[in-house]
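Chains as they are written, first to last, in this note's numbering: chain R, 1 to 256; chain P, 1 to 256; chain X, 1 to 256; chain E, 1 to 256; chain A, 1 to 256; chain U, 1 to 256; chain G, 1 to 256; chain L, 1 to 256.
Keep in mind that a hint or two might mislead.
As the list claims (entries may be wrong) - Once the Cα atoms are required to be at most 16 Å apart in a straight line, the calculated EDC-like pairs of lysine to aspartate or glutamate come out as: (1) A:Lys18 - E:Asp22; (2) U:Lys249 - U:Asp208; (3) R:Lys18 - X:Asp95; (4) G:Lys18 - P:Asp14; (5) X:Lys18 - R:Asp14; (6) U:Lys18 - L:Asp82.
If you're looking for bench data, these hints aren't it; they were derived computationally from the structure.
There are 8 protein chains.
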Amino acid sequence: MELDDITITKAIVDDFSKTFMDYTEVDVALVGGGPANLIAATRLAHKGYKVALFEKKLALGGGMWGGGMMFPRIVVQEDAKDILEEFDINYHEYDNGYYVANSIESVSKLISKAVSSGVQVFNLVSFEDVMIREDDRVTGIVINWTAVSVANLHVDPLTIRAKVVIDGTGHEAVVCSTVQRKIPGAKFDGVVGERPMWADAGERRLKDTTREVYPGLIVTGMAANAVAGAPRMGPVFGGMLLSGDMAAKIAISKLD
Amino acid sequence: MELDDITITKAIVDDFSKTFMDYTEVDVALVGGGPANLIAATRLAHKGYKVALFEKKLALGGGMWGGGMMFPRIVVQEDAKDILEEFDINYHEYDNGYYVANSIESVSKLISKAVSSGVQVFNLVSFEDVMIREDDRVTGIVINWTAVSVANLHVDPLTIRAKVVIDGTGHEAVVCSTVQRKIPGAKFDGVVGERPMWADAGERRLKDTTREVYPGLIVTGMAANAVAGAPRMGPVFGGMLLSGDMAAKIAISKLD
Amino acid sequence: MELDDITITKAIVDDFSKTFMDYTEVDVALVGGGPANLIAATRLAHKGYKVALFEKKLALGGGMWGGGMMFPRIVVQEDAKDILEEFDINYHEYDNGYYVANSIESVSKLISKAVSSGVQVFNLVSFEDVMIREDDRVTGIVINWTAVSVANLHVDPLTIRAKVVIDGTGHEAVVCSTVQRKIPGAKFDGVVGERPMWADAGERRLKDTTREVYPGLIVTGMAANAVAGAPRMGPVFGGMLLSGDMAAKIAISKLD
Amino acid sequence: MELDDITITKAIVDDFSKTFMDYTEVDVALVGGGPANLIAATRLAHKGYKVALFEKKLALGGGMWGGGMMFPRIVVQEDAKDILEEFDINYHEYDNGYYVANSIESVSKLISKAVSSGVQVFNLVSFEDVMIREDDRVTGIVINWTAVSVANLHVDPLTIRAKVVIDGTGHEAVVCSTVQRKIPGAKFDGVVGERPMWADAGERRLKDTTREVYPGLIVTGMAANAVAGAPRMGPVFGGMLLSGDMAAKIAISKLD
Amino acid sequence: MELDDITITKAIVDDFSKTFMDYTEVDVALVGGGPANLIAATRLAHKGYKVALFEKKLALGGGMWGGGMMFPRIVVQEDAKDILEEFDINYHEYDNGYYVANSIESVSKLISKAVSSGVQVFNLVSFEDVMIREDDRVTGIVINWTAVSVANLHVDPLTIRAKVVIDGTGHEAVVCSTVQRKIPGAKFDGVVGERPMWADAGERRLKDTTREVYPGLIVTGMAANAVAGAPRMGPVFGGMLLSGDMAAKIAISKLD
Amino acid sequence: MELDDITITKAIVDDFSKTFMDYTEVDVALVGGGPANLIAATRLAHKGYKVALFEKKLALGGGMWGGGMMFPRIVVQEDAKDILEEFDINYHEYDNGYYVANSIESVSKLISKAVSSGVQVFNLVSFEDVMIREDDRVTGIVINWTAVSVANLHVDPLTIRAKVVIDGTGHEAVVCSTVQRKIPGAKFDGVVGERPMWADAGERRLKDTTREVYPGLIVTGMAANAVAGAPRMGPVFGGMLLSGDMAAKIAISKLD
Amino acid sequence: MELDDITITKAIVDDFSKTFMDYTEVDVALVGGGPANLIAATRLAHKGYKVALFEKKLALGGGMWGGGMMFPRIVVQEDAKDILEEFDINYHEYDNGYYVANSIESVSKLISKAVSSGVQVFNLVSFEDVMIREDDRVTGIVINWTAVSVANLHVDPLTIRAKVVIDGTGHEAVVCSTVQRKIPGAKFDGVVGERPMWADAGERRLKDTTREVYPGLIVTGMAANAVAGAPRMGPVFGGMLLSGDMAAKIAISKLD
Amino acid sequence: MELDDITITKAIVDDFSKTFMDYTEVDVALVGGGPANLIAATRLAHKGYKVALFEKKLALGGGMWGGGMMFPRIVVQEDAKDILEEFDINYHEYDNGYYVANSIESVSKLISKAVSSGVQVFNLVSFEDVMIREDDRVTGIVINWTAVSVANLHVDPLTIRAKVVIDGTGHEAVVCSTVQRKIPGAKFDGVVGERPMWADAGERRLKDTTREVYPGLIVTGMAANAVAGAPRMGPVFGGMLLSGDMAAKIAISKLD
């Protein structure tokens, strides 16, 4: 059989555009493709929800690829070891209660499991704004190709309706920042900015900073600590994974 | 247990530096983390060879993440369908003999399988030069942090000794180009540059362009067609996967 | 009626993706949205051919918007006055045989007439390569979002099959340059580069430089003179308009 | 007849400089060449007023060319359908009350009608400041070549006297921002900045946000919502067109 | 009397546009506002010729302002001392035959004398191309605002007809380079590029390198040595001034 | 006589370094080489004071070279006509009381007269800070090569002691801004920023805004209006010249 | 003996990684490699403390290399002359009490003595954050490769535990700024920013501005004056050297 | 005693300008401040020659600061161990014949010894050209502030006369490249460019590649291998140090 270039083109455009049309209305829209959001998305898709995840870069995974100071290793503590096993990520104990994993293996497995579970990923797509309604509720997100802003083009965005939006955009917490900047008088706690490094306190705080900060908007991972003004943690990822797990649970409680 | 930041730091530095020391001498050094090299590396690690793969960016996967024109889908033809199944990559038939897969799932699974198989990946590391000896044979590669050149720093590189080097760096074919530029009189075919797009011919040509082009240096994937002046293919990846498979076989025949 | 954001999104995505699917195979693909190509495209669409025009920038019109030295006026000579009238472009005589028109009116009317005539325009899309076949014939073009290269992303292109391709990309003559660079031994005259300014000679030469330079590839407008090494003309546009007219005629003779 | 380069040069310089001299004093100066201002300018020129429109870029039309997310389509709702027809812009109904039009056709026809109606357009010219007088009234604008600031040159501007100035500069609302920044104690409402996306509310609000915000200064289109802190709308353009219509009516009431 | 902004604007536009119209046809067009061209232009204007000088930057004077290594002093030797006196430039003897002058005084007096003598200067205007005719003769130049290329705009140039063109553009010799690049087969000596520093030889060579290199095109100053492959001189300016003097004489012999 | 490169080098270094040593202590240090400061410096040097002027760019003259919108013409009103004559600058009357001059002639003559009068000019040198003493008095300035900051080098500055410092740095008023930013509690009026364009009011205000704003620090030209929050004027220069004249008078009253 | 590339690589990696592991816990961590910190580090290492110094650039020495205005000389006053002698730095008296030294000799000797004394230097490493604990005490620093931020990579940092941290980062005082920005309610005096130049007062103030500003954090050199709002000094280095001396003493008093 | 800012300024300017005047004529001018040139300069100064070394950056030392891949360690082999000892550089044996030293200590000691020995260093100064004479002999160099080219200024250079010039500019070999480019027909071997990495061969080749390549021009260090097309070596520095030693010997033989 001779390969036809045009059929290849059609297969890609047809499959993607149908998916895009279908995913303009979802149960959960996750912004950011880092580890916390990948866990949350996987959990939600497993439960049967319609889940879309938007990542501004080409590759998902955020800062996890680079480990610590470009040495591609991460550390996970005791209580998150189960998640590593669940995602088939190899690890070995370095010291009592400290487990080392390959950051490249970790991130690629988090991504592949998410997609296998039914999460629909849109990469190269940036969050530009939230959608709101009178009842002061986030009802979706406004998106655009990342390339549009990088190339400094003036092009209008499109919209995704979502019952729940999860902000997993790391230090910048872009969804929360947008809500705070654009709805000054709203009943929102505000983005305080992360405090200095303190792995232990940062990990512990994630348990309560992962929460619904505004009707329809949940925050997870480093973004959760940034919004609450809690410490940053560096290359230890246990809390991140557990935060994603918790964000999924909160979302489910809102969706049911 | 209270988490200690310094133990986290030590775990990462210790694990990585021991690995780096160990992998200064390998059986096969693969340059570039695109699909062909990921297949080749996985095959070689499965066979028990000591394999290091060097990727200049943070994330592996090259252009596969973006599918065609930022629509994250790829097409694979009939004869490479087995590889998709082997790597647990989902697909569906679009047209007779044309299979569509999610590019994000595909690339993340190729990466995770490679690492699981024992391939040691060094990301954020760039190829800077080859190592040679009198008998006109590539005996390893010269590497540096990618950040060094991006930040325009003047810092000396380090070296990796390898019995076989595989160039899977895509259109640029940087290893082959370096050999050609620096050893003008050597018995090398030269880098011709890829011809216009023609998926069918490009895919067919890969079968003979994947080969040992210089003693100790094998070329695979799009780099193979670029070196041979064969057509480019676009977002159809069957030939790439089969080329990686073949590169591994050639490497094995040299190593034994 | 309350406006629904998601219906707006769906309307745009649905309409565009159906059009894109439909236009992966066309009679004529024109590269570049300058005046010569706009005339050619309009003529071909009027005749009932399926015509797609690809423009790399946001706005079509090329250098015509800026007139001469940012003074938004153009000059047209006697023999192209009919085309101005046909496109409802106002003008007045400056000197015997020299007609002045508003460059902004001229370019916006050329664009609007083209679209009204049925030309399907794809803006923000760049030409990346040609498609060829054994019989040394251009059989289509390879395209990508302009934003992909501006943002320095590594993303594969898609393809458009066309019976005829018209290169109207101005001084750079990108389609012709690509054919010449990639098919060195082909039966092609080559890209000589334009000669110094000489309006009169430049305009006269366009009559024979507008032609089929390679099977399936016609060149028009300033690209035609650049390929032939003929003089450039500056802000006099009569020859450009007539060249577009001629390119359409040559294309029709090939299509019938 | 042999074409003479110098006569071409003279024709352009002579025609433009006479027009520039003539338009240093106008009835209405519109800043920004987006859809709302194009409608307003066309209406005013039809009524016989002397109208100058200043656009900082080479091409007019602002973000309309790119449709939504680089898919060149726009949506218009029921109550603005008449304007499409009036400007000969083709459309079809997508859903009940939602009409889709080609964004390239739309923008080129808005521009060409404006120029045909007698609007004098100065492109590549940036707004730099307002002119004022004791009675706290905007009496004109201060302009410069856009290229001067892009090239980081230090060159003084020139001035245009106008009875009415209309700010149609989109999200930035540059004329209103300048008045607010430079006349702190003035009786001006201030630039609040647009709220999150909500097409329906954004469109409705435009009816009262389009108004005279400072003596001699009217604001229209997205700039009107930005100044009032009303929601943004995305790629639905009905409200924009009606806002331009209303801005023209307000201007006429001031001029008579 | 109350000052009127609009009258100021009109005075500037009116005076400049009349001058520009008048100077589209001149006796001599000098490209570059460095010392050699300033001398040449002054001489020619004194003789009553119609002379236009085009400078791409805001200020004329080229590298003379900075003296040597940012120390604003220049050196002039014995045989050019008369020119300093003629232009009222102060100097004092440093060593036998070496005279030191203030570079800022020198350059400002060369400029002011040129304008006083009737030279019409167009600054911020770049040379873009030459105009030619069948008889292989330079008949003028093609110009554009410098800001157009700096701002990366696509805008057509305009033209100036001249009986003689003088290239005084320093090391780059842009007019000569353009002639050589665009008229490959022409009877032109070519641009060899300047040789290493050797003040004495460089100064002596200027006497014969200042000449008509192509019909209608004279080269002077550092451009003359660059075209001839003669040595560069550094911050000694006697030869430059004498070269300008000679270029004027050659031009006069052609004009009469 | 054979020219010796090294003698040329020595002549420049010797002359400049002696001058620099001598001018580390002056009567008046003027920051900025625009028209107001050039007038002030010339007046002060004529009176016999030791005067140094520091200009950050290669050429002096600031925005005067470019006239209005790159048309190299300026306008001067009746009451400053005498200064034009005094500096031998040609002009002609455009309208009753409005005189047009060539901006290039004007600026070059202002510069050449200043240097001839004995003003010592240091170009390519930037103001970095003021020097102060307990009695809250400006006692000099801190300078550095402009190239140091442009090249982003970390190099310490040097100092110039002055009895009076004049800030003629235009819109930015860098000396005044530095005093305000660094001495928050000082008895200084503050930098308000210029108001919108209004030539007549701007020119009139300059008469009282030109003054000693802090002990030892006088402000002149556009900087004076910027500090006082008075209107800007555009390309009319009468007030600038008179402001320089007045700044000199104020300085003389302080020095005597 | 034949040199083996791989042994060279192993020697470097092995030696560095062991040192890095060892220095994750130190007595004193100094941030910034300028003169004050080099003195302080040398003193502390001489006393037997475990000392690590982190410099973000390739070379240590900060602004000292460039002397004053790129003339590589520094001045030291009487009371710091002893330190020059102690570090074998040559000098000569210029004026009574003013000693001139070669800045390049000075800086290279300060660096070489520090390393010889046992200071462990990590160059190309940037300070990213502080580490803190409940008792509001700085307990270490967070570091990353400088190249990571220059190359705009997203990579997690690592940590160094230190009993005392010394901020010697010059004008920016980055450690102090970070503490102030991230711990708003903490008992910290704040970063006021340096006052204008006044060498004498600046030097005198350093004696009391060099101090522990926050538990565990000492500030020295120009950073000390910047934090206290004291004057800057320019290229006189006596106070800097004495400040480093004092910082060491304060640190020792905390460590014992 | 109160410190006087102006005396500090004078001390620096006076000392530097006298040195600069004195060093416009030297025995040896070394271009580049890397290890080979530092050794060569030290040797020559010890012998009593007048030696000037020009370094384009702020700090000397070139790539030595960064060790291998940003790990600040270097390796030196047996036969260069004596030089380490002579320069008081600490080292320890890693493996039989391989000695590891701290790269920061090594480079700072090479620099400090050079200056102590009487080498006059000019940093921030770039080589721009060579000086030549009829007898085809390099007679000196042409220099400029590095900041001039970085800031893209147009400023003339100055000159240094030297009996011998040594090119120690590393991979680029800028002096040799300039001679080759500007004197095409000269009796020079040419710049071949370095071959791939091969530490052993690279080190051995340095013994014969370090030589006088053109009358008056010696090449040393990596520049020597680059000119000869010999292999590069990476972070092993023994050969570099020995090459500097040899370059000094060749220079001495020419000078005597």
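key: Restraint status (C-alpha distance of lysine 18 (chain R) to aspartate 95 (chain X) at most 16 Å)   = violated, 58 Å
message = With the threshold set at 16 Å, check whether the alpha-carbon distance from lysine 18 (chain A) to aspartate 22 (chain E) stays at or below it.
response = holds, 15 Å
message = For a C-alpha distance cap of 16 Å, please report whether lysine 249 (chain U) and aspartate 208 (chain U) respect it.
response = holds, 13 Å
query = Are lysine 18 (chain U) and aspartate 82 (chain L) close enough, with their CA atoms no more than 16 Å apart?
reply = Violated. Lysine 18 (chain U) to aspartate 82 (chain L) sits at ~46 Å, over the 16 Å cutoff.
message = Please verify whether lysine 18 (chain G) and aspartate 14 (chain P) have alpha carbons no more than 16 Å apart.
response = At roughly 8 Å apart (the allowed maximum being 16 Å), aspartate 14 (chain P) and lysine 18 (chain G) satisfy the hint.
query = Regarding the pair lysine 18 (chain X) and aspartate 14 (chain R), is the alpha-carbon distance no greater than 16 Å?
reply = Holds, at roughly 9 Å.
Violation of the numbered hints given earlier is confined to hints 3, 6; the remaining hints are satisfied by the structure.
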